[in-house]
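Asker: Model the full assembly from the supplied sequences, consistent with the hints where possible.
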Amino acid sequence: MEGIATTCASIFGNGKDLSVAQECARAVLVLAYGLLAVRVVGRRIFGKWSALDIVVSIVIGSNLSRALTGSAPLLGTLAATTVFLLLHWLLAHLAARFPAMSRLLEGQAITIFKEGKADQGARLRHSVSEADLDEALRRSGMSSVNDARQVTLEPSGKITVLKR
11 MEGIATTCAS IFGNGKDLSV AQECARAVLV LAYGLLAVRV VGRRIFGKWS ALDIVVSIVI
71 GSNLSRALTG SAPLLGTLAA TTVFLLLHWL LAHLAARFPA MSRLLEGQAI TIFKEGKADQ
131 GARLRHSVSE ADLDEALRRS GMSSVNDARQ VTLEPSGKIT VLKR
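Counting from 1 along the sequence shown, just add 10 to a position and that's the residue number in the numbering used here.
Hints listed in this document are in silico derivations from the structure and should not be mistaken for laboratory results. Note that CB positions come from ideal geometry on N, CA and C, so glycine has one too. Among the hints, a few may not be true.
Here are the computed distance ranges between Cβ atoms for each label pair [to be verified]:
(1) L104 / I21: 34 to 44 Å
(2) E33 / F108: 39 to 49 Å
(3) I64 / T17: 36 to 46 Å
(4) D27 / A141: 23 to 33 Å
(5) L46 / E164: 24 to 34 Å
(6) G131 / K26: 47 to 57 Å
(7) Q160 / E33: 43 to 53 Å
(8) V50 / D142: 33 to 43 Å
(9) H136 / G25: 37 to 47 Å
(10) A141 / K26: 39 to 49 Å
(11) I14 / H136: 48 to 58 Å
(12) L46 / P83: 13 to 23 Å
(13) V50 / I21: 16 to 26 Å
Taking lysine-lysine pairs in the DSS-like style, the calculated list, with each CA pair at most 25 Å apart, reads [unchecked claim]:
(14) K173 / K127
(15) K168 / K127
(16) K173 / K124
(17) K124 / K168
Answerer: Below, the structure is given as structure tokens:
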């Protein structure tokens, strides 16, 4: 066991005094770990970019960057990242099965225009500018909100437009 630890230390280094080769070895390991972890946990892990997805991706990115630079122990950092991925997986599965959990973790869709009536209060409360609305309309092939049956701010932050 001591031989494995010595070999790993020589390949990946310890602490902040890493050689270029050790940082490169860590980069390969972190990339391989990240790809494997996302494949094991599931491809939809960051597919929707809900609030949960964003927070977990920021924390995981920050955590893995510390493993790359040697400012945190490599194995401990990978273990903590695994815990974050498993927690995300668990919470995402709970959100898929329980509507109340989904609303808590992901939020809910907000209608900002429906059947000719705009909800300016909802639009302003959720920081949807006229430019954001116009962009969503153009992406849907419309030039005016009056061409839309409904405009919705989705939990992911995307604006969807249903044509009349």
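Asker: Going through the earlier hints one by one, which of them does the structure break, listed in rising order?
Answerer: 4
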